[in-house]
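K.L.:
Sequence lines, in order, name chains A and B. If you count by numbering that gives the first Met the number 0, then the first sequence holds residues 0 to 310, one letter each, in order. If you count by numbering that gives the first Met the number 0, then the second sequence holds residues 0 to 527, one letter each, in order.
Among the clues, some could well be false.
Which chain B residues face chain A? A few, computed with CB under 7 angstroms, are given here [claimed, not checked]:
(1) Gly36
(2) Ser38
(3) Thr41
(4) Pro48
(5) Pro121
(6) Ala124
(7) Pro126
(8) Pro206
(9) Gly207
(10) Met234
(11) Glu248
(12) Ala398
(13) Asn417
(14) Asn418
Read the hints as simulated data drawn from the structure, not as lab findings. Each residue gets a CB set at the ideal place from its N, CA and C atoms; glycine is no exception.
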Amino acid sequence: MLRFIIRRILQAIPTVIAVALLIFVIFSVVPGSFTSSLIADGRSGSDPMLVERLNKEFGLDKSLPERFTAYVYDLARFDLGTSFRTREPVTDVIGARLWPSLKLAMAAMVFAVAFGVPLGFLAALKPGSILDTVTMIGAVSGLSLPQFWLGLLLMYLFALQLGWLPSFGYGDGGLRYLILPAITLGLTPLALLARTTRAGVLEVMNADFIRTAYSKGMSSGRVVRWHVTRNALVLIVTTIGLQFGSLMGQAVVIEKLFSWPGLGSLLVDSVALRDIPVVQGSILVIVLWFLLINTIVDVVYAAIDPRIKQD
Amino acid sequence: MFKTLSLTAMLMLGVSTATFAQEPRSGGVLNFVAPYGASFATLDIHATPQTQDEFYGMAIHRSLYSWDSLKNEPALELATSVSVSDDGKVYTYKLRDNAFFHNGRKLSADDIIWSYKRLATPSNAFPGARYIADIAGADAFASGKATEISGLKKIDDLTLEITFTAPINPGFNLMRTNAAIYPADIGDKAATNPIGLGPFKFVEHVPGSRIVVEKFDKFYEQGKPYLDKVNIVIMEDSAARDVAFRNQEIDVTVLGPTQYVAYQGDAALSKNILEVAEGYTRNVGFNPNFAPFADKRVRQAINYAIDTKLIVERLAKNKAYRAVSWLPLSSPAYDTTAQPYAYDPEKAKALLAEAGFDKGFEFELTATQNESWGIPIVEAIIPMLAKVGVTVKAKPVEASVLSEVVPAGDFQAYMWSNNSGPDALAALQCFYSKTAQSACNYANYKNPEFDKLFEAAQVERDEAAKTELLKKANNFLQEEAPVWFFNYNKAVMAYQPWLHGLKPNATELALQDYEDIWIDETAPASRK
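Chain A on its own, in the form it takes in the complex (with noise of 0.2 angstroms):
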């Protein structure tokens, strides 16, 4: 197992290199810079002694392949730079978000989990029961409910109309201040889940593997937990990898809309500003916990069917 894990950590570097690498790309050649951004508001007018400062500062002043070879050199040290907003090390800004961002993240999906699951697997047990009907239909409206406004609406009824929940911030951090925000995060995998589910189940429920454990006189209750979970977790433990390691870029919105102060919101910020070190550093973190649940879901996969590690 050990080999095996040590082995996709391995895989996955290459692609961490070619996403940094992008990224430098990229916002290397996208319009507008960080000094343009400071007057954007049109507050104050361009101050060109400024702007010369600033570059000098930043190395901004510097050719494309010096800046690309100072980056590199900077990346091998573990060295994400200076944030040209904050003047502090990109590594303590990202840092001081990824907490939260982990935080929505988590209660987003333990929130899917717990009800995408067992709706999914309950809907595909009595297919078109009324059960199957609310729980799709459900499903379909969960799908495609604009985040945003899913939000506002929840912050409506939950704190303007009931007053049993604040409608914004991180507070102390407690879970009042989560629970929001995590249900509108989770939404959208909840409805994702609980439909994979219920297609996975239903396809091993018609598999002949189940008539013939039928057939043997094996109890439902006993199919269901023998046989038809074992198989139909392989899917399930699929979606839920590739939500949870979505969730934090798909957490932008819903970081805005309820001020809650993660890694989505400060991307945001970051690209508006061109802060281009701290959208490096970010992106590449989202990256990293991308693969980081992948990999976790390689190793689970291989835990619920040793073929996968064999192969």
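Following the hints, complete the assembly by docking chain B onto the known chain A.
P.N.:
Just chain B now, with coordinates in the frame of chain A:
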């Protein structure tokens, strides 16, 4: 002027009646909103490149001058008096002897000299360096030719002499939050443990969420601040702000056009709205290097061809004041007798024909997606100009791209919202021929007659005569039409009924003097 006065009067009535009717109450917690981004950039106010950071800067820091929102002019803040030399260049300040930093140390002239030297140090690359550039010797210091700024002279601990390079009003620059005074012994802690002279001291920063400040007992204004604590919370999304405000989680909110209409239509919410004509002029700048725009008649024709009043009413939802020329309503040099360009397509056609463009022409208009001065407005302009034979091609760009291409002159026309106050001289300098396009003369305007008026105003020592010259220059600019004069921003802030002491700050409404704000007995328990 009547309009300006009545506006100020209305605002003062609306805002301050309750203030005068009741004695300010001490205590309470204010939940104030910082709406211009998803984070604060840095806790070092000298280093910050963005307005967002001024929200905490107003609480923690103080500069030599401050903005008096009610008088609409800069006022001495850290000095009790100033004497000015006959040539208007040497200012001698008597500093407050009751101003203390949050570390308990008393303010001295050394702190001001140290702070200004810190700003001017080139390796720091601080945005605030421009605000002290008018001090004699700042250039030599910045270029490494001198180790001190020669224009800064300590007479004694509480007396400071500053020599400027020209007879300017230094208040406009030295009131900026970016030019705040730090204790000279703060070392490298400015960005981690901000210490200032302001009414509140730093307590906590949760990156991306909030900054918390609490009352500083040794603040120099007797009995102030009234509040015990201020939570400055980051809330960028306007819809979310609306819910939070209605839910009484925040005490103020900044309104956009759509919300402005909704709040005006609500019997309760409409009672607590603060409005001010901010010093921003929304405009379409014309590039004179693009042949048609080199002709004044073409630029005037565009001003006549657009139904500005209609756009302000329908699209800006009246959350704007129609622009007459460059200087805004709040400027003392704004001419209340001047009339805006009338909507007159026939006159526009005639002017185009006179200029040799009777068959019209096509131009590209670069703009962002901003709802108040971007593509939505361009879309409204397109059919209006089409009526006079002018074809507009919209070129949408991101905000930081607009601010890159315009100073570089890489456009035919652009739409932007530019600062036009509070210093009328500085605002009109952006049309002075010696001002580079890369600085703020974005329309690359050059006219000897305008230059003459501007230069006369520059050296004029008598304030009334100076204002008159600036008024003439501003009117001249209207006639010259280097831009399409669209509107002056009407900044609108809604506040909770228990809140008092907000002021119509024409430089930026959302920036308030926290020390004057107080909360009455009707506030919810969480705020008292």
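K.L.:
So, for every hint listed, does it hold in this structure?
P.N.:
Status of each hint after checking the structure:
no. : hint   : verdict
1   : Gly36  : holds, 6 angstroms
2   : Ser38  : holds, 6 angstroms
3   : Thr41  : holds, 5 angstroms
4   : Pro48  : holds, 5 angstroms
5   : Pro121 : holds, 6 angstroms
6   : Ala124 : holds, 4 angstroms
7   : Pro126 : holds, 6 angstroms
8   : Pro206 : holds, 4 angstroms
9   : Gly207 : holds, 3 angstroms
10  : Met234 : holds, 5 angstroms
11  : Glu248 : holds, 6 angstroms
12  : Ala398 : holds, 4 angstroms
13  : Asn417 : holds, 5 angstroms
14  : Asn418 : holds, 5 angstroms
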